[in-house]
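Peer 1: Letter by letter, the chains look like this.
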Amino acid sequence: MTQLTSSDADNLLLRTDRKTGIIGYGAYVPRYRLPGSEVSRVWTGGKGGSPVKEKSVAGLDEDVVTMSIEAARNALARAGIEPCELRAVWVGSESHPYAVKPSGTVVAEAIGASHNIQSGDWEFACKAGTEAMVAATALVGSGMAKYALAIGMDTAQGKPGDALEYTASSGGAAFVIGPAEEAAVLIEASYSYVSDTPDFWRRPEQKYPEHGQRFTGEPAYFKHVETAGRVMLQQMKRTPADYNYVVFHQPNPKFPQKAGATLGFTPEQIKPGLLVSTIGNTYAGASLIGLTAVLDIAKPGDKILMVSYGSGAGSDAFSLVVTDKITARRGLAPSTADYIARRTQIDYAMYTRFRDKIDMG
Amino acid sequence: MEIPRHWRLKQQRYALMGEVCPHCEVKIFPPRDVCPECGGEAKTRFAFSGKGKIYSYTVMRDAPSGYEQNAPYTVAVVALEEGPMVTAQLTDLGEEPVAIGMPVEMVTRKIREDGERKGMIVYGYKFRPALRA
Chain A
1 MTQLTSSDAD
11 NLLLRTDRKT
21 GIIGYGAYVP
31 RYRLPGSEVS
41 RVWTGGKGGS
51 PVKEKSVAGL
61 DEDVVTMSIE
71 AARNALARAG
81 IEPCELRAVW
91 VGSESHPYAV
101 KPSGTVVAEA
111 IGASHNIQSG
121 DWEFACKAGT
131 EAMVAATALV
141 GSGMAKYALA
151 IGMDTAQGKP
161 GDALEYTASS
171 GGAAFVIGPA
181 EEAAVLIEAS
191 YSYVSDTPDF
201 WRRPEQKYPE
211 HGQRFTGEPA
221 YFKHVETAGR
231 VMLQQMKRTP
241 ADYNYVVFHQ
251 PNPKFPQKAG
261 ATLGFTPEQI
271 KPGLLVSTIG
281 NTYAGASLIG
291 LTAVLDIAKP
301 GDKILMVSYG
311 SGAGSDAFSL
321 VVTDKITARR
331 GLAPSTADYI
341 ARRTQIDYAM
351 YTRFRDKIDM
361 G
Chain B
1 MEIPRHWRLK
11 QQRYALMGEV
21 CPHCEVKIFP
31 PRDVCPECGG
41 EAKTRFAFSG
51 KGKIYSYTVM
61 RDAPSGYEQN
71 APYTVAVVAL
81 EEGPMVTAQL
91 TDLGEEPVAI
101 GMPVEMVTRK
111 IREDGERKGM
121 IVYGYKFRPA
131 LRA
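Note that the protein sequences, when read in sequence, are chains A and B. Counting in our numbering, the first sequence tops out at residue 361, every number present. Counting in our numbering, the second sequence tops out at residue 133, every number present.
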């Protein structure tokens, strides 16, 4: 591998010639909640602890397409643009309903986008949504498009009885990316860091993922999240104190808090974007929906660092600045807290029915 | 095989896309190109807001073929804000009791899946209790 020259190494951030930003954002969390105590009751006799209080569960008639449609409608309502002005509809997920047939075209048709768009499904475990966001930023930043829609959404899979079953949940968020002049949030720069890491995977035809136990923490999540965060801070010539909020991918409450502390962030900067205890890990939606919760409360001028993580593995970091346009827009769609408050608890039996775990013969 | 029918009706099913009569302004759903009020030609597209109220409802316990997976489920006649009545499933009820006059909003959901994990997934409108009444 050719080494980067020192000037290249000082210029790792992705920045567009034409300034871009988030014009509108929208979250979606399904109504149903499975308490961690239910998983523990069934698989450990109630003796095992749960990393989260509860997780969100998609209803019988929901999938990544239907949830993306609702998040996209919320993002468009806040953006205040006509859906036909979009030039891309991109959905990042690891639970696309079809193996072959794009989710994006159904979403585009349902939200009233035109047929003159880019549409494709993105896949990179839990960072498929932020990868779509980088692409949307580039499409707008290059001048090829005025607006592009990027979505991260999942109905996450976890094997019955596996550690992931406590947290693997459903939900996500959508973002309309557009020119900076219209933005509620400016995108200053992004930076991505990836490597071949065998921490988590799912082969074709398999219903549930496998995870390489000892890879999950240090060589996977922490290495990529902390590197992406550190490079972003260094190259923006900033310190953690320059940011009001930080949002991380959140597979459990512990990992993002530990990564945040290592980078130098305080619990107060982390907490508003940390939703995993109440909705679980929405995989490709996890960092993005954390960002929506922050945007629901952020003030103009606030700076936000977001770092996603996807197994296999990689992280996308975004440096964001909230503009004064946020104030008028945030009320135009339900807040993330509204969705979290809309809650019906289910037991493990109902969960197995909702998540198609019962063999009907 | 109903694939052509699903494809033909996708805009009205995904997004409540109807028509408005250019002669008497009546909103039309489902779209039928002829105004049911004045009989004039009505081909102007009109996107319904999806807001409405429950006019009547019933619970389906013995579901028709293809819908058994969702039973029991509630079907309602919804009076849309713009006028027309539509029949649709209710969803996301949780523990909320259904009542006549209850405000509801349209959501796009999975209606059914054709064939055992091989066929097309059919999406369309359902209504749920309004998130922000």
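The reader is advised that the hints may include incorrect statements.
[Unchecked claim] Computed list of chain A residues with no C-beta within reach of chain B, every gap over 10 Å:
id, residue
1, D8
2, R31
3, K223
4, R238
5, P253
6, P272
7, R342
[To be verified] Here are the simulated EDC-like cross-link-like pairs (lysine to aspartate or glutamate), alpha carbons at most 20 Å apart as the crow flies:
id, chain 1, residue 1, chain 2, residue 2
8, A, K101, B, E81
9, B, K118, A, D359
10, B, K118, A, D196
11, A, K207, B, E37
12, A, K254, A, D162
13, A, K146, A, D162
14, A, K101, B, E25
15, A, K207, B, E116
16, A, K237, A, E181
17, A, K357, B, E25
18, A, K19, A, D324
19, A, K101, B, E2
20, A, K299, A, D347
21, B, K51, A, D338
22, B, K118, A, E205
23, A, K357, B, E116
24, A, K223, A, D196
25, A, K299, A, E205
26, A, K101, B, E113
27, B, K51, B, E2
28, A, K271, A, D242
29, A, K357, B, E2
30, A, K357, B, D114
31, A, K159, A, D359
32, B, K51, B, E68
For the record, the hints were derived by calculation from the structure and aren't laboratory data. Backbone N, C-alpha and C fix where the C-beta goes; we use that ideal spot for every residue, glycine too.
Peer 1: Decide, hint by hint, whether the structure agrees.
Peer 2: Results for each hint:
1. Chain B leaves A/D8 outside its interface by the beta-carbon criterion, the shortest separation being 46 Å against a cut-off of 10 Å.
2. Distance to chain B contradicts A/R31 as a non-interface residue, since its nearest Cβ pair spans about 5 Å, not more than 10 Å.
3. Even its closest Cβ contact with chain B, about 38 Å, leaves A/K223 beyond 10 Å, as expected for a residue assigned away from the interface.
4. Every beta carbon of chain B lies more than 10 Å from that of A/R238, the smallest distance being close to 38 Å; the non-interface claim holds.
5. Its beta-carbon lying about 26 Å from the closest one in chain B, A/P253 satisfies the requirement of being farther than 10 Å from that chain.
6. Under the 10 Å C-beta cut-off, the non-interface status given to A/P272 relative to chain B holds; the minimum distance is some 22 Å.
7. The non-interface label for A/R342 is inconsistent with chain B: the shortest C-beta to C-beta separation is roughly 7 Å, within 10 Å.
8. For the suggested pair A/K101 and B/E81, the alpha carbons sit about 35 Å apart, so the restraint of at most 20 Å is broken.
9. Pair hint B/K118 plus A/D359 holds up; C-alpha atoms about 16 Å apart against a cutoff of 20 Å.
10. A threshold of 20 Å between alpha carbons decides the hint, and for B/K118 with A/D196 the separation of about 33 Å lies outside it, so the pair is violated.
11. Between A/K207 and B/E37 the CA atoms are separated by roughly 52 Å; this puts the pair beyond 20 Å, and the hint is violated.
12. Of the pairs offered as hints, the one joining A/K254 and A/D162 holds, with about 18 Å between alpha carbons and a cut-off of 20 Å not exceeded.
13. Proposed proximity of A/K146 and A/D162 is contradicted: the alpha carbons are some 44 Å apart, above 20 Å.
14. For the hint pairing A/K101 with B/E25, the CA-to-CA distance comes to about 39 Å; that exceeds 20 Å, so the pair is violated.
15. At roughly 16 Å between alpha-carbon atoms, A/K207 and B/E116 fall within 20 Å of each other, so this suggested pair holds.
16. Taking the CA atoms of A/K237 and A/E181, the gap is about 24 Å. The hint is violated against a cut of 20 Å.
17. For the given pair, A/K357 sits about 49 Å from B/E25 by alpha-carbon distance, which is inconsistent with the 20 Å threshold.
18. A distance of roughly 16 Å separates the Cα atoms of A/K19 and A/D324; the hinted pair therefore holds under the 20 Å criterion.
19. At most 20 Å may separate the alpha-carbon atoms for a hinted pair to count; A/K101 and B/E2 meet this at roughly 18 Å.
20. Restraint check: the Cα-Cα separation between A/K299 and A/D347 comes to about 39 Å, which exceeds 20 Å; the hinted pair is violated.
21. This hinted pair checks out: B/K51 and A/D338 have alpha carbons roughly 18 Å apart, not beyond 20 Å.
22. For the proposed pair B/K118 and A/E205, the alpha carbon gap of about 13 Å is at most 20 Å, so the pair holds.
23. Taken as a hint, the A/K357 and B/E116 pair is honoured in the structure, with Cα atoms around 15 Å apart against an allowance of 20 Å.
24. Taken as a hint, the A/K223 and A/D196 pair is honoured in the structure, with Cα atoms around 12 Å apart against an allowance of 20 Å.
25. Restraint check: the Cα-Cα separation between A/K299 and A/E205 comes to about 46 Å, which exceeds 20 Å; the hinted pair is violated.
26. For the hint linking A/K101 to B/E113, the alpha-carbon distance of about 15 Å falls within 20 Å, and the restraint holds.
27. With a CA separation close to 29 Å, the supplied pair B/K51 and B/E2 exceeds the 20 Å bound.
28. Restraint check: the Cα-Cα separation between A/K271 and A/D242 comes to about 17 Å, which is no more than 20 Å; the hinted pair holds.
29. Taking the CA atoms of A/K357 and B/E2, the gap is near 28 Å; set against the 20 Å cutoff, the hint is violated.
30. A distance of roughly 19 Å separates the Cα atoms of A/K357 and B/D114; the hinted pair therefore holds under the 20 Å criterion.
31. Of the pairs offered as hints, the one joining A/K159 and A/D359 holds, with about 15 Å between alpha carbons and a cut-off of 20 Å not exceeded.
32. Between B/K51 and B/E68, the direct Cα distance comes to roughly 28 Å. Violation of the 20 Å bound is thereby established for this hinted pair.
In this structure, the earlier hints numbered 2, 7, 8, 10, 11, 13, 14, 16, 17, 20, 25, 27, 29 and 32 are contradicted, and the remaining ones agree with it.
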